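*Asks:* Let the hints inform the model, and build the full structure from the sequences given.
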Amino acid sequence: MSSRPPKARPERFLAALALTVICLISLGNVVVRYATDASFAFTEEFSVFLLVIVTFAGAAAAARDNQHIRIELIEHHLPRPLLPVVYLLQWAAGIAVLGAATWYGSTFALEEYQWESLSPGLGLPNWIYVIWLPILSAAIIIRMTQNLIDRLTGKADSGEQHES
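Just so you know, we're using the working numbering here: the sequence shown kicks off at -11 and counts up by one.
Mixed in with the good hints, there may be bad ones.
Said to hold, decoys possible - Label pairs and their in silico Cβ distance ranges:
#, residue 1, residue 2, range
1, LEU66, VAL19, 49 to 57 Å
2, ILE62, VAL19, 45 to 53 Å
3, ILE62, VAL85, 13 to 21 Å
4, VAL74, SER105, 41 to 49 Å
5, TRP91, LEU112, 23 to 31 Å
6, ALA144, PRO67, 14 to 22 Å
7, ILE116, GLU60, 35 to 43 Å
8, TRP91, ILE57, 20 to 28 Å
9, ILE83, SER105, 23 to 31 Å
10, LEU77, ASP25, 52 to 60 Å
11, ALA23, HIS56, 36 to 44 Å
12, ILE59, VAL36, 24 to 32 Å
13, THR141, TYR92, 29 to 37 Å
14, LEU110, LEU66, 49 to 57 Å
Calculated from the structure, these hints are not laboratory results.
The structure displayed is predicted, hence computed values, not measured ones.
Glycine included, every Cβ here is placed at the ideal spot set by N, Cα and C.
*Replies:* Here is the structure:
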């Protein structure tokens, strides 16, 4: 076990906080529903929103630690001099997808703000929920780039074990 502080600390904290809030509001909803035969109206809307936060923040932390699911067969069987090319191709594919998510998510969030759209459940401004998609997509891009630099310069943890 490493004594170094974990990478992607803000994303890890955000994911843990969002998951804790999901657990608390879901537990509270179950207790209230069991005790009173009524339920909190906000729990589903907030839980879905927070689940998106958990997913994207966790993806950013995984990207920083080189822990994303991928096919490593090519990496294991290529000669070492060709690995940087594979790393760059993996990074470029991720950038293409997440760049599109960042661009279209930003456009969507801006439109939601301009149109003053409200969420169907609670009537809160929709942009509050949607703005996290481009922000966390950009965070994943940053973490992927940091990981790429580590891998290309040989600073990546060599003791990483992936289950295949």
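*Asks:* Run every hint past the structure and note whether it holds.
*Replies:* Comparing the hints with the structure gives:
1. LEU66 <-> VAL19: 49 to 57 Å: Distance hint for LEU66, VAL19 holds at roughly 54 Å.
2. ILE62 <-> VAL19: 45 to 53 Å: holds (50 Å)
3. ILE62 <-> VAL85: 13 to 21 Å: Given about 19 Å between the Cβ atoms, the range holds.
4. VAL74 <-> SER105: 41 to 49 Å: holds (42 Å)
5. TRP91 <-> LEU112: 23 to 31 Å: holds (25 Å)
6. ALA144 <-> PRO67: 14 to 22 Å: holds (18 Å)
7. ILE116 <-> GLU60: 35 to 43 Å: Given range 35 to 43 Å: holds, Cβ gap about 39 Å.
8. TRP91 <-> ILE57: 20 to 28 Å: holds (24 Å)
9. ILE83 <-> SER105: 23 to 31 Å: Distance hint for ILE83, SER105 holds at roughly 29 Å.
10. LEU77 <-> ASP25: 52 to 60 Å: holds (56 Å)
11. ALA23 <-> HIS56: 36 to 44 Å: holds (42 Å)
12. ILE59 <-> VAL36: 24 to 32 Å: 31 Å Cβ-Cβ, so the 24 to 32 Å window holds.
13. THR141 <-> TYR92: 29 to 37 Å: With Cβ atoms ~32 Å apart, the hint holds.
14. LEU110 <-> LEU66: 49 to 57 Å: At roughly 51 Å between Cβ atoms, LEU66 and LEU110 fall inside 49 to 57 Å, so the hint holds.
In summary, the structure agrees with every hint in the numbered list given earlier.
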